[in-house]
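Work the whole structure out from these sequences, hints included.
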Amino acid sequence: MDRLSAAAEKAIYDSHENDLQDAGYRRFLSRLADPLLQRVAPQSYGLDFGCGPGPLLAHMLREAGHTVELYDLYYANRPEVLNHRYDFVVSTEVVEHLAAPGKVLQKLLSMLKPGCPLALMTKLVIDKTRFQSWHYKNDLTHISFFSRATFEYFARQLDCDLEFIGNDVIILTKRDPRRC
185 MDRLSAAAEK AIYDSHENDL QDAGYRRFLS RLADPLLQRV APQSYGLDFG CGPGPLLAHM
245 LREAGHTVEL YDLYYANRPE VLNHRYDFVV STEVVEHLAA PGKVLQKLLS MLKPGCPLAL
305 MTKLVIDKTR FQSWHYKNDL THISFFSRAT FEYFARQLDC DLEFIGNDVI ILTKRDPRRC
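Using my numbering, you'd call the opening residue of the sequence shown number 185 and step up by one each time.
Since no wrong hints were added, every one of them can be taken at face value.
Straight-line C-alpha distance at most 20 Å; calculated SDA-like pairs for lysine to any residue:
| # | residue 1 | residue 2 |
| --- | --- | --- |
| 1 | LYS287 | LYS297 |
| 2 | LYS297 | HIS268 |
| 3 | LYS307 | ARG332 |
| 4 | LYS297 | PRO219 |
| 5 | LYS287 | LEU257 |
| 6 | LYS297 | TYR229 |
| 7 | LYS287 | GLU277 |
| 8 | LYS312 | ALA333 |
| 9 | LYS312 | ARG332 |
Beta-carbon label-pair distances, calculated as ranges:
| # | residue 1 | residue 2 | range |
| --- | --- | --- | --- |
| 10 | GLN205 | ALA284 | 31 to 39 Å |
| 11 | PRO237 | LEU346 | 28 to 36 Å |
| 12 | ARG262 | ARG210 | 18 to 26 Å |
| 13 | TYR209 | ILE310 | 20 to 28 Å |
| 14 | LYS307 | TYR259 | 19 to 27 Å |
Hints are computed from structural coordinates only; laboratory data are not their basis.
Beta carbons: idealized from backbone N, C-alpha and C, even for Gly.
Here it is, written out as structure tokens:
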């Protein structure tokens, strides 16, 4: 199957309703924000990678006292922020859109200080049978799919600690080489 053009992909994203005032959207993002906030120091410096047109997660993290940079290919294309070092990186509902997710995860982890988390949110494949009727795969912008085993592999390859929180939050923590 051919991939969508950038214009067609962005048109689909433009149709999403990610309103900063939407309480349901805030609840959805809190599934990642709440566990992240338990893992980062006060007044940390972070990146919302793939923030979209309505960066509510960054707003929520700023409300909690953190400084958050934004990056999104279509809505906040600021490549200079990809050269900073961060205390955390968040990326919600993004990795399934990536053509080279392993390379992107490696890049995001390289931007983290040792011992700091990369918090992701994406739906996980449960098994081959369920995949056949899975609505998530029918979104034309979703081109990469992950299971728990996929993230276990990434964690081993990228030397990270791994946590699964609920059904769709994944936290990869860059190991601190100073730890024993």
